[in-house]
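Chemist: Chains as they are written, first to last, in the numbering used here: chain A, 5 to 359; chain B, 129 to 210.
Simulated from the structure, these hints should not be mistaken for lab results.
Hints are supplied without guarantee of correctness; some may be wrong.
Said to hold, decoys possible - Below, a list of computed lysine-lysine pairs in the DSSO-like style, where the Cα atoms sit at most 30 Å apart:
no., chain 1, residue 1, chain 2, residue 2
1, A, Lys43, A, Lys246
2, B, Lys188, A, Lys43
3, A, Lys276, B, Lys188
4, A, Lys246, B, Lys202
5, A, Lys43, A, Lys276
6, B, Lys188, B, Lys202
7, A, Lys246, A, Lys279
8, A, Lys246, A, Lys284
9, A, Lys276, A, Lys246
10, A, Lys276, B, Lys202
11, A, Lys284, A, Lys43
12, A, Lys279, B, Lys202
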Amino acid sequence: MAGGRVSQVRMAGLAVAVPETERSWNEQAAVFGAEAAEKTARLTGVLRRRTAPPEVCASDLCLRATEQLLDSLAWSPESIDAVVFVSQTPDYPLPATACTLQSRLGLPTTTAAFDVNLGCSAYPYGLWIAGRMMGPTGFRRVLLLTGDTISRQAAPTDPATAGLFGDAGSATALEFDPLASDMHVLLGTDGSGGPSLSIEGGGARHPFHGSAAPSGTNGYLSMNGADVFAFTLRVVPSMVSKLLAAAGWLLEEVDHVVMHQANEFLLQHLAKRIKIPAEKLVLAIDGYGNTSCASIPLAMADALADELADRPQRLLLAGFGVGWSWGGVALATSPMPRPTIVTYSANSTELIHQS
Amino acid sequence: MTRHQFLQLVDQVLELPAGTLTPADSFQEHENWTSLSFLGLIAVVDEELGLTLSPAAVLKCATLEQLMDLVGEKLSDHRQAA
């Protein structure tokens with residue numbers, strides 16, 4: 005595995021935005037029958053999820069989260085050096101959504117802005133990428149935005165994905181701090197797993213022609229659940245033990261383990277395998293679904309808001325899935341403004357950039 | 129674990145009474161076999177035998193006998209087919 009350390013960077017704050025519309029697991033009964041819907045909900049752990057209407061994109065959710073975050077930190081847009089947008093559902097094939105966010109947020113034109121296309125592993129990769137750009141001769145303040153409107157990429161008739169995904173956008177503020185504890189990061193890739201979790205149509209390989217799906221593909225997410233499960237068992241336990249070794253931590257010294265909220269059955273099984281005590285395993289999938297890029301920060305804001313605000317925390321973050329791509333971070337946080345989850349409504353205005 | 133115990137494990141995964149399935153059964157054609165049972169099978173084999181099944185290899189198993197060939201020496205009384 006690749007990786008290393010992110011030094012002199014602290015997590016200054018975190019906010020997440022979710023759409024207004026809340027959907028219940030039992031909506032799936034109309035399509036798949038009551039018994040099948042209940043079994044799926046019990047396995048995935050998804051009881052409710054938030055879904056964005058067609059006109060709302062991940063960038064809108066991330067924007068709202070950023071508004072909340074900058075307000076809580078009293079950071080001016082002018083003080084931001086870079087914005088990294090990690091998503092699989094960008095606004096457009098081009099320009100990069102990070103560029104449009106620079107404008108919408110009123111960030112200075114000296115801002116570095118770019119997109120990264122990752123899903124389940126987004127947050128660890130994002131912390132690594134953003135963190136490594138920072139330092140005494142680098143950037144001082146970076147916004148890491150991770151979000152997806154992945155729910156509408158799931159076919160309503162696909163039992164594997166129909167009721168699994170929710171939408172969310174997160175904003176994390178990173179700041180150069182010579183006194184910050186190192187973050188230890190491990191990253192990995194196995195592209196042979198690409199076909200097991202993919203959307204084949206709509207890119208350059210199989211472009212859409214007008215509104216018609218490319219021949220032989222569709223624009224929907226295809227997921228082989230068994231392949232995903234076997235992959236996580238192959239990769240995640242080993243990554244966690246290597247990460248603990250790199251950080252010099254025992255598992256008992258970790259306050260909380262926050263994994264990508266893929267599905268509850270998988271997380272509980274991983275926790276058993278890795279011997280993570282139940283009280284340390286963060287689960288947030290019941291209220292929000294699998295929110296792809298945003299799932300780790302959303303779980304942190306949902307389950308650890310008080311802890312992150314009140315006292316230092318030793319966290320182990322693990323993202324794994326689409327690619328196959330995986331990443332883990334061992335980080336020690338210092339108290340920050342209480343992370344919040346805000347609701348994005350259709351009437352949200354962009355408060356920051358007002359001339 | 130013995131072959132008998134393994135078969136009972138698969139009974140459990142498919143939510144069948146213990147002793148229902150036999151080595152000759154085509155487990156993937158059973159009406160109770162779903163994508164969720166597939167996950168359940170991978171999980172119990174991992175938990176009970178410390179083995180991560182390859183989904184592609186499982187899909188090629190027409191019968192439980194062939195599945196037990198995959199698990200192989202993890203079963204105390206299993207003899208691999210020649």
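Chemist: Against the earlier hints, flag every one the structure doesn't satisfy and list their numbers going up.
Modeler: Hint check: 1 fails alone, others pass.
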